[in-house]
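**Student:** The lines below spell out each chain.
Number of protein chains: 2
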Amino acid sequence: MPITVQRVKTFIKQTFLAAGASAEHSSLAADALISADLRGVDSHGVARLAGYIRLWEQQRLNMQPNIRIVHESPSTAVIDGDLGAGLVVAPKAMQIAIDKAQKAGTGWVAVKNSNHFGIAGYHAMQALQYDMIGISMTNASALVSPTFSKDRMLGTNPIAVAIPANEEPPFVMDMATTPAANGKLEVCERQNKDIPQGWAQTKEGKPTVNNKALKKGGAMLPLGSDREHGSHKGYCLGAWVDIFSAVLSGANYGPWVPPFVSFLSPPPNPVGEGIGHFVGAMRIDAFRPALEFKAHMDNWIQTFRKAQSVEGQPEVQIPGDQERLIEQERLKNGIIIHSSVMNELNQLADKLKIDRLK
Amino acid sequence: MPITVQRVKTFIKQTFLAAGASAEHSSLAADALISADLRGVDSHGVARLAGYIRLWEQQRLNMQPNIRIVHESPSTAVIDGDLGAGLVVAPKAMQIAIDKAQKAGTGWVAVKNSNHFGIAGYHAMQALQYDMIGISMTNASALVSPTFSKDRMLGTNPIAVAIPANEEPPFVMDMATTPAANGKLEVCERQNKDIPQGWAQTKEGKPTVNNKALKKGGAMLPLGSDREHGSHKGYCLGAWVDIFSAVLSGANYGPWVPPFVSFLSPPPNPVGEGIGHFVGAMRIDAFRPALEFKAHMDNWIQTFRKAQSVEGQPEVQIPGDQERLIEQERLKNGIIIHSSVMNELNQLADKLKIDRLK
Chain A
1 MPITVQRVKT FIKQTFLAAG ASAEHSSLAA DALISADLRG VDSHGVARLA
51 GYIRLWEQQR LNMQPNIRIV HESPSTAVID GDLGAGLVVA PKAMQIAIDK
101 AQKAGTGWVA VKNSNHFGIA GYHAMQALQY DMIGISMTNA SALVSPTFSK
151 DRMLGTNPIA VAIPANEEPP FVMDMATTPA ANGKLEVCER QNKDIPQGWA
201 QTKEGKPTVN NKALKKGGAM LPLGSDREHG SHKGYCLGAW VDIFSAVLSG
251 ANYGPWVPPF VSFLSPPPNP VGEGIGHFVG AMRIDAFRPA LEFKAHMDNW
301 IQTFRKAQSV EGQPEVQIPG DQERLIEQER LKNGIIIHSS VMNELNQLAD
351 KLKIDRLK
Chain B
359 MPITVQRVKT FIKQTFLAAG ASAEHSSLAA DALISADLRG VDSHGVARLA
409 GYIRLWEQQR LNMQPNIRIV HESPSTAVID GDLGAGLVVA PKAMQIAIDK
459 AQKAGTGWVA VKNSNHFGIA GYHAMQALQY DMIGISMTNA SALVSPTFSK
509 DRMLGTNPIA VAIPANEEPP FVMDMATTPA ANGKLEVCER QNKDIPQGWA
559 QTKEGKPTVN NKALKKGGAM LPLGSDREHG SHKGYCLGAW VDIFSAVLSG
609 ANYGPWVPPF VSFLSPPPNP VGEGIGHFVG AMRIDAFRPA LEFKAHMDNW
659 IQTFRKAQSV EGQPEVQIPG DQERLIEQER LKNGIIIHSS VMNELNQLAD
709 KLKIDRLK
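In order, the protein sequence lines correspond to chains A and B.
Quick note on numbering: the first sequence equals residues 1 to 358 in this note's numbering.
Quick note on numbering: the second sequence equals residues 359 to 716 in this note's numbering.
Rather than coming from a laboratory, the hints here were simulated on the basis of the structure.
Keep in mind that a hint or two might mislead.
What the hints assert, rightly or not - Below are the DSS-like pairs computed for lysine-lysine, each with C-alpha atoms no more than 27 Å apart in a straight line:
| id | chain 1 | residue 1 | chain 2 | residue 2 |
| --- | --- | --- | --- | --- |
| 1 | A | Lys206 | A | Lys193 |
| 2 | B | Lys564 | A | Lys306 |
| 3 | A | Lys103 | B | Lys664 |
As the list claims (entries may be wrong) - Simulated coverage check for chain A against chain B, where a stretch passes if three residues somewhere in it have a Cβ under 8 Å from a Cβ of chain B:
| id | segment |
| --- | --- |
| 4 | 137 to 148 |
| 5 | 328 to 340 |
Please read all numbers here as calculations on a predicted model, not as lab measurements.
We treat Cβ as the ideally placed atom computed from N, Cα and C, and that holds for glycine.
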């Protein structure tokens, strides 16, 4: 049975409140986390709520962070997330970027000492309501090998860019810099299906279709899959995200990024603080009148939507189309939560003495 | 026989001078164009010089452009390249971005009404000498199909990011948003070899290994090659570059981008002016002290260089390594110019009444 979006959001908020977060922070976290469920990225939504709480119990996540600017210029800032949830820290960073953009045309905020921030697209989309372009990136614990390597050196390091249009819905790209996100391997595992060649490699760096490749010490491959198909470009993209998120901010980078899961310890000898994000906001009318820009975005979107499909293939999509359709459906019909996730959430509710989700 | 870099550079400068460009613009163009030959991107260097002149003869390239800011904010500008060579317009745009970054922390310049700008990496690297990160992108005439489509809608739209280090050489990524750059298909054609699956498709959108696929009306595929391996992500990246380069600036986008080659006419009913670029500069110390950042970049680079290789594979490279090795070799030993290119350049010299290259 599906549960209404509002009910799940309230549950997330109550969970954060019960763990000691302020009302404001609990609301920010609930909005950010539910956006993943709404947009169909089930692996990054309420299914992760218990994980945030476990990190808090281990004192690896601070529910009362003092989030503050530690360095700034007219168009930039670095903020220290004080080990808060990325779900709270990233929206604060994005608000600073938007405020800077109001005055300077653009605003760019690098974040250190944070935790997992949910889906990248949500944070980028915060800029849209101000007629701004939003950008967000985050690093993540190492699962991906650079081209030619067998070592895990980079996270799936996503990039999101949200661009407003006028009559058309916005252009929203939100992509891991790997052929498939980690959650897709888990889906294959649950369905007892092989993964496609080009997604992962064994511990020795050999090609594999084993859906347990990561659990056996293997690694994910960068977007492009192999050298001949441009995996060095996927490696570049992941490296770019890592450097902007963590070397600019003073967070941990590469193999030092702490894991999200509480059963894995953070790597020893950290090179920075927590995980890192990088967000930006660009005021459209710092480039050209907003209505003029948005009219051309409408034309861009309509032109690409009309591109002819290959026979037997679906219609051409605009980045964000698929997620928006799922969002419309779920706002109307509610969210279906997997029974194992539901059990975990109800145990969490009992422990925190809040109402069970169902 | 190789020719010294200085001799080729002088030849490029004299060519632009003979076509009526100012001494300053001729120098800018020569520096930008030779950088491609130096870095081993032979398809984008002096081999294209005659192409620029043919566009000028057709009045599709202005040798005396009045490059000017048409819109700005403290951290942004849009410039009108007045149909100048991108080799001249983009360095001017990058200088404006750097000047803005000096004051505002970052500077971002969208460019309209330009032409082909050579290699993206060169422009990004201009920021390095100021302890800044440089970014550059450009759109290009449509050769790439979005996922599911058989129409050519996007160029190979490259992204370059240059990041300074301290003792290590800089991190310089410069990548087309396709599995392989267009020039690689031409190399396969000259060598009479099949292209790998996943680089291109036929006019009908079927997979192909035919090295003449593009000439037969086919299209290049986005990075990721097919949906299962993330081609929708390559499509997102190419679209992002197109929108930042052309919709922000007022240039032509998507299928309206004018071709570089003079034997193809620009598409009718343009939606903007010329082709578009987008460049940015970010002052490192707008985020954290430059020396601190660069020490961590050294550590990042050294850590990734030490990542273990898969047995039988080359060592892990840092973006920019390969191009820098070629540059060192060519600065020492000179550049070998293909005989067909040499013939074309000598005919050009005769026509413009300048000294033959050899």
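**Student:** Run the distance test for Lys564(B) versus Lys306(A): straight-line Cα separation, threshold 27 Å.
**Tutor:** holds (19 Å)
**Student:** Please check whether the segment 137 to 148 of chain A has three or more residues whose CB lies within less than 8 Å of a CB on chain B.
**Tutor:** holds (count 4)
**Student:** Is it true that the CA of Lys206(A) sits at most 27 Å from the CA of Lys193(A)?
**Tutor:** holds (19 Å)
**Student:** Test coverage of the segment 328 to 340 of chain A by chain B using CB-CB distances below 8 Å; three residues minimum.
**Tutor:** violated (count 0)
**Student:** Going straight from one Cα to the other, do Lys103(A) and Lys664(B) come out at no more than 27 Å?
**Tutor:** violated (44 Å)
In the structure shown, a violation is registered for the earlier hints numbered 3 and 5, in ascending order.
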